[in-house]
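Chemist: For the protein sequence lines, the chains are P and X, in the order given.
Each step along the first sequence adds one to the number in UniProt numbering, with nothing skipped, and position 88 is 88.
Each step along the second sequence adds one to the number in UniProt numbering, with nothing skipped, and position 60 is 60.
It should be emphasised that the hints constitute simulated quantities derived from the structure, not laboratory data.
Don't be surprised by glycine CBs; every beta carbon is placed ideally from N, CA and C.
Misleading hints may appear alongside valid ones.
Where chain X lies over chain P, by a calculated footprint (3+ residues, C-beta under 8 angstroms) [said to hold, decoys possible]:
| hint | region |
| --- | --- |
| 1 | 46-52 |
| 2 | 227-236 |
| 3 | 323-330 |
For the chain P half of the interface with chain X, some residues (derived, Cβ under 8 angstroms), not all of them [to be verified]:
| hint | residue |
| --- | --- |
| 4 | T84 |
| 5 | P87 |
| 6 | A239 |
| 7 | K240 |
| 8 | L242 |
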Amino acid sequence: MLRFIFGRLAVLIPTFLGVSLIAFSFIRLLPGDPVMLMSGERVMSPERHTELMHQLGLDRPMYAQYFDYLTGLLSGDFGSSIVTKRPVLDDFINLFPATLELSLCAIIIAVALGIPAGVLAAVKRGTWLDQSIMGVALVGYSMPIFWWGLLLIIFFSGYLGWTPVSGRISLMYFFPQVTGFMLIDSLLSGQAGAFKSALTYLILPTVVLATIPLAVIARQTRSAMLEVLGEDFVRTARAKGLSPFRVIGIHALRNAMIPVITTIGLQVGVLLAGAILTETIFSWPGIGKWMVDSVFKRDYAVVQGGLMLIAAVIMIVNLVVDLLYGWVNPRIRH
Amino acid sequence: MSLLEIKNLTVEFQTASGPFRAVDGVSLKVDEGEVLAIVGESGSGKSVSMLAAMGLLPWTAKVTADVLTFNGRDMQSMSDAERRKIIGREIAMIFQEPIASLNPCFTVGYQIEEVLRIHTDLSRKARRDRAIELFQSVGIPNPEERLGHYPHQMSGGQCQRVMIATALACNPKLLIADEPTTALDVTIQKQILDLLMKLQAEHGMGLIIITHDMGVVAETADRVIVQYKGRQIEQADVLSLFSAPKSVYTKALLSALPENATGGRLPTITEKLTDAEIFAGAVR
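Please work from the sequences and hints to get the whole structure.
Modeler: In structure tokens:
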């Protein structure tokens, strides 16, 4: 097991190098530079521009900049924002809990609804129930996230007035950040109504973010279940006199979970990508919105550092998924 | 009273090209301590008729029978929950592909103890002791250690022993063995058949062996049913079947056995007989 984990960790090194190179070069391919964008509407003299570029070290050759960046990374230094001068890592640690809270809630909803929906569709294969579930899943999968988010805002926030449009909690509440998870912090604060407020702010973004993973998980669960339900061991389980719940929920589902867990792991990347759109629509103060703002400002250090950290999160999640995979599938473990 | 009694069993599957009749008018009886063999080619409805009797066919199958009783109880009027109390406990079944028939995600110990948990009131400790005892009785060495193994860590023969142990866990009155040796090596086939016969004699249970191997029939059965394309062709005790087969199909079947070959090419059934001749020559 330890060998397996170390083997996986060794693969991370070239992956990190690749991500760092891509993150470094792609943001520099965009037209414009941080100095120009900082000056805004004012016209800057070419001399001043050169001087500022020199101060930021951006006039040096690309390879030298990349080498500096890499050596910084090796010592755990992700650089500082060109615009705010704050360390990238500090901002990330500060903002990541908001994204994590949103993503966790989304994946919980996607798994909690997607797996039962897929199982139900497989068991009732070919019926109107199966067709309805798969139809809804296809619509959910095909819908552009930003459009779906706007529709929900128009209906639930605008027309019904049930949910707020943007932010994480009502301005009436203020409490120190303990865990960074608004749901938990609001409970810890002991302020009446704070938790409910945080919940109403969380609901729409979570639904929007959960939609695509939910559809993918439901479809994957259905096809995996259909395959497993035809297996000999399912017939054996029924021949033992087990209840349909045990046959489907334990014998079949455990086997069907093997491909589904891989899918759930892959959805984490989709979630973080989706978080960028969702956070922008709902002004959710997480890393997605932070990254988008930084791209607009050509804040090279933040985009590079942010991408590296997001990549790290995705790789860690994938490692966990691989470990889980071994736990669910004994043929890998032994 | 017979242990299992079936009269005029018919099974139809709904297919895209209309209903398909897989079993057509099969009748049989098995008594306690009796070994019945059902023989026939692939697609003769041997397995389907037994799966139908146990209620294990998918919902697309339409099962009808004039009589379908186990130990005097009508299996057709029974609710699913009532039937589940009988199957696995009083009627057990083992299958053709032993490795595929065991769930790859659970240890064999879990799978055998599960039957005991569902059908008996035994404590966890007692279930484990019983599982060890069962593994010993089917000849699995180091049962304590083996209980923690997964199916893929065992050979086909070992897995079939696990299946047999699982089937016998609740001392069933009737064991249905669906081609129990087909997927195994010849030497292992012999071991498994001997084991089945030994356990059948010890427990005094009824045993239905589904097979296409006349050698298995000769070695094990008291009585034999021959099926072809879902219909029953002949029913006889094993001695008269081999010495004086009555139906043309059985005669053709026996003459096609390699051990009866006298040289040259083996005769096949279809080049000699048409379906109409086979059904016309059926002796029920």
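Chemist: Indicate, hint by hint, whether the structure satisfies it.
Modeler: Outcome of the hint check:
1. 46-52: violated (count 0)
2. 227-236: holds (count 5)
3. 323-330: Satisfied; 3 residues make the cut.
4. T84: Since the shortest Cβ distance to chain X is 51 angstroms, the answer is violated.
5. P87: At about 46 angstroms, which exceeds the 8 angstroms cut-off, the nearest Cβ of chain X leaves the hint on P/P87 violated.
6. A239: This interface hint holds because 5 angstroms falls under the 8 angstroms limit.
7. K240: Given a least distance of 4 angstroms, the restraint on P/K240 holds.
8. L242: holds, 6 angstroms
The structure fails to meet hints 1, 4, 5 from the earlier list, while all remaining hints are met.
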